[in-house]
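These are the residues of each chain, in order.
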Amino acid sequence: MIATGRTDLAVLNPFRPGAASSVPTAPSLNIRHGAILLAALMVATGISEAQAGPSERSIIATLIKWTPLLGQGFALNIAMSFLAMAIGTAFGVPLGLGQISLLSPVRASSWFVTQVFRNSPWLVLLFYCMLLLPFEVRIGNSFVSVPGWAKATFGLALPVMANVSELVRGAVQSIPAGQWEASEALVFTRWQTLRMVILPQCVKRMTPPWMNLYAILTVATPLTSVVGVSEAMTLTGDILSSEGRPELLVPMYLYLLLWFFIYCYPIALATVALERRFQVR
Amino acid sequence: MGWTPDQPLIRMRDVHKTFGALTILNGISLDVMKGEVICIIGPSGAGKSTLLRCINALVPIDRGSILVAGQEVHDAKLDKLALRRKVGMVFQQYNLFPHRTALDNIMMAPIHVLKRDRAEVDARARALMRKVRLDGKEDFYPGQLSGGQQQRVAIARSLAMQPEAMLFDEVTGALDPETVKEVLLTIRELAEEGMTCVIVTHEMGFAREVADQIYFTDRGVVIEHGPPVEFFTQCRDERTRQFLSQIL
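In the order they appear, the protein sequences are chains G and S. Position 197 of the first sequence, counted from 1, bears residue number 197 in our numbering, the numbering being contiguous throughout. Position 161 of the second sequence, counted from 1, bears residue number 1161 in our numbering, the numbering being contiguous throughout.
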């Protein structure tokens, strides 16, 4: 007699095609979260407003007053994130291909470089780049100074490179072996196989995690404030010290947070949408 | 080079292959004449797929010799690419390139490997699509085709390289029963046109109709072989009889 009552054994339950969807999924970022953030900013602003003396400028007006400066700083964050992503990808793709090279010295050294930069704290890499890279380079007879933000960008590009390298390696290895075999039987060389068969299929698989990495990189750019780059985080500190009003502290940082959210939120949405689309195929 | 049509196009002698401690091929010998169709049957794990992969050097052998058109396949000096051009292969899992259309799948190798003119390749690819009865599906992606249709595209893709012999590795193994027929029909037509075929299959009825020779392999050796009628009616070996009684 087979028990027909409730059971925890999946095999005893009737098969339900939709059952997989009952597995709890991680909550994804949506517009609600933005609204909560905005509400937090309003409440914090309100509380601070109440704390402020009547003679002083209102909190909202203060935030608006500093918005152009904050925007300038934020533009530097975005510029650094773009550049670091471009540099990291440009070096990370060949490094990832190096990890699957047939030549064992190339494979081993690519693996080593990847592991070192992937498993180091970003802040440590940043400090290293700030301290080790020269503050000026000689081109011909003239000296060109290397600005701090450029060195910091390079420092951020290193972990990005290592992560892209792992993305490439993982994507290539996720392609079924049959694709390699079929290409070999069709007399493609290894390089032709990679270029025409394997990598085009990898691009699709790599795009969502690559966008995810970009979002992580963007929210990591305020780290550069520690090494003195005047991006949005540094400027927020400067603004706060010049205003000298402690009640500004919470609304100001929340305001900055909102900027990052508004920028990264569409990226997160697009990543999820792409993942969903590629899953179906 | 030294090969004349009265000699076997594919000639295997005492081929051995081990993967670690596992012996896959334990002294295989067989001859395939030009235009001949041979079917290799046998229980799973008998090394049938490995045998095929050795013929076009996808898998290196440990010992023995394989001659294709008089050339030693596992000669280190041999240009493997030149060899593979002579021998086409079709796989159980089709292995079409999912990011390219059916027509592109067929055209890629002739254009990039044989360096043929695109217009000429295009015309020939379309002719091949008609040959495997898939005209009208040229711009479909593999994911939009049924298993049987994908397998026929894979056959056309292999034919586009104008091989002298074709290897079929359980090409109907992953297919629905309804689509098996259309794939077998395509292979039979090829055989009738005089293409040299080495077919690993579990379709006994098909093997009986299409093969000139049937080889029964088990545990890495050829147990016995012969023309189909003889093979199926008066096989001598006990293992062959047992296998056939399980399958027929």
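Incorrect hints may appear among the rest.
As the list claims (entries may be wrong) - Which chain G residues face chain S? A few, computed with CB under 7 Å, are given here: (1) Ala182; (2) Leu186; (3) Leu199; (4) Gln201.
In short, the hints are calculated from the structure, not lab data. Small disclaimer: the values here were computed from a predicted structure and weren't measured. Beta carbons are placed, not taken as given, at the ideal position from N, Cα and C, and that holds for glycine.
Hints and how they fare:
1. Ala182: holds (4 Å)
2. Leu186: holds (4 Å)
3. Leu199: violated (10 Å)
4. Gln201: Hint holds; Gln201/G Cβ to chain S Cβ min 5 Å, cut 7 Å.
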